[in-house]
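K.L.:
Chains as they are written, first to last, in our numbering: chain R, 5 to 118; chain B, 16 to 127.
Please keep in mind that the hints were generated in silico from the structure rather than gathered at the bench.
All C-beta atoms in this analysis are idealised placements derived from N, C-alpha and C, irrespective of residue type, glycine included.
Take the hints with a grain of salt, since some may be wrong.
Which bits of chain R does chain B cover? Going by a derived footprint, with three or more residues having C-beta under 8 Å, they are [claimed, not checked]:
1) 49-61
2) 101-109
The following residues of chain B were derived to be distant from chain R, with all beta-carbon distances above 12 Å [unchecked claim]:
3) V34
4) Q52
5) Q74
6) G97
7) K114
8) R122
Here are a few chain B residues that sit away from chain R, every Cβ distance over 12 Å (derived from the structure) [what the hints assert, rightly or not]:
9) S42
10) M70
11) R75
12) T116
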Amino acid sequence: DTEVTQTPKHLVMGMTNKKSLKCEQHMGHRAMYWYKQKAKKPPELMFVYSYEKLSINESVPSRFSPECPNSSLLNLHLHALQPEDSALYLCASSQLTRVSYEQYFGPGTRLTVT
Amino acid sequence: GEDVEQSLFLSVREGDSSVINCTYTDSSSTYLYWYKQEPGAGLQLLTYIFSNMDMKQDQRLTVLLNKKDKHLSLRIADTQTGDSAIYFCAEKKGGTASKLTFGTGTRLQVTL
Numbered sequence: 005d006t007e008v009t010q011t012p013k014h015l016v017m018g019m020t021n022k023k024s025l026k027c028e029q030h031m032g033h034r035a036m037y038w039y040k041q042k043a044k045k046p047p048e049l050m051f052v053y054s055y056e057k058l059s060i061n062e063s064v065p066s067r068f069s070p071e072c073p074n075s076s077l078l079n080l081h082l083h084a085l086q087p088e089d090s091a092l093y094l095c096a097s098s099q100l101t102r103v104s105y106e107q108y109f110g111p112g113t114r115l116t117v118t
Numbered sequence: 016g017e018d019v020e021q022s023l024f025l026s027v028r029e030g031d032s033s034v035i036n037c038t039y040t041d042s043s044s045t046y047l048y049w050y051k052q053e054p055g056a057g058l059q060l061l062t063y064i065f066s067n068m069d070m071k072q073d074q075r076l077t078v079l080l081n082k083k084d085k086h087l088s089l090r091i092a093d094t095q096t097g098d099s100a101i102y103f104c105a106e107k108k109g110g111t112a113s114k115l116t117f118g119t120g121t122r123l124q125v126t127l
C-alpha cells in the first residue's frame, strides 16, 4: 500500500479565514512533506518533517503553519492568505530507512483564496 | 543553470514509443525519479534510478542515465492513450529527508 490521503479535496477560503489541510499515511514513513504547485509548473517544496520534527522550511511565509502531531499525520494551518496562494497543495511521504528515499504523493488539495 | 530542464510538449501516436528527456543540474545527485501527473491529480511515482546505474527497465518503461552529460530519459514502449499526462523528472540532493528538485515537466499527448 502506497497511499497518501489528503482532505479536503477542494477548499475555497476568504483572506480573513483560518483553515487547515490534512494529510495522512499509514505506510510507516517517518518523513513527510508539503509542496505547493501552481498551474503548469512543477511542485515547489515548502516544508519537510523528519521523525515528527521540522527539518526544512523553504522560507515559507508565516501565514502557512505546518504541524506534525504524530508519525502518520501532517497538517498545514492557513491564516490570512492572499489570492496568489491559490494553488494545488500536495503532501508526500518517504521512508527514511530506504536508501532510494522515493516520495509518495497524495492527490492534493485544490485551494482557492478569494 | 539551476533548472532541471525538460522539453515542454511531446505528441506521439498510439502504439509508438515515447521518449521524454531531462537534463539535470547536480552531478552528485544520488537518485533520479520519474513522476506522472494526470490533470487535477497528484504525482504518481513511475520509476527511479540510482546514479551508478546507466539503465533500468520496468515493464513498458526504460530509464537511461548518462551521468557524464547529466542526461536522463524515459522511454515508454507501446504508448497508450492512458499515458497522456505531464511527466516530471526529479533529482534528489542532500541527506535522507531532503528536497526533490523537479524538472519543468513534459506534456505527453497520445493521438489515435
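K.L.:
Hint by hint, say whether it matches the structure.
P.N.:
Outcome of the hint check:
Beta-carbon proximity to chain B at under 8 Å applies to 6 residues in the segment 49-61 of chain R; the threshold of 3 is reached and the given coverage holds. A stretch counts as covered by a chain when three or more of its residues have a beta carbon under 8 Å from one of that chain; for the segment 101-109 of chain R and chain B the count is 6, and the coverage holds. Separation of B:V34 from chain R is adequate, the least Cβ-Cβ distance of about 20 Å exceeding the 12 Å criterion. Listed as a non-interface residue, B:Q52 fails to keep its Cβ farther than 12 Å from every Cβ of chain R; the least gap is roughly 9 Å.
Every beta carbon of chain R lies more than 12 Å from that of B:Q74, the smallest distance being close to 17 Å; the non-interface claim holds. Taking the minimum C-beta to C-beta distance to chain R, about 17 Å, the non-interface status of B:G97 holds against the 12 Å cut. A beta-carbon of chain R is positioned within 12 Å of the beta-carbon of B:K114; the least distance is around 5 Å. With a least beta-carbon separation of about 9 Å from chain R, B:R122 fails to lie farther than 12 Å from that chain, contradicting its non-interface assignment.
For B:S42, the non-interface assignment is confirmed: its Cβ lies about 18 Å from the closest Cβ of chain R, beyond the 12 Å cut-off. Interface exclusion of B:M70 from chain R stands, the closest Cβ pair being 16 Å apart, more than 12 Å. With a least beta-carbon separation of about 19 Å from chain R, B:R75 lies farther than 12 Å from that chain, consistent with its non-interface assignment. At the 12 Å boundary, the C-beta of B:T116 falls inside the reach of chain R, the nearest C-beta of that chain being 8 Å off.
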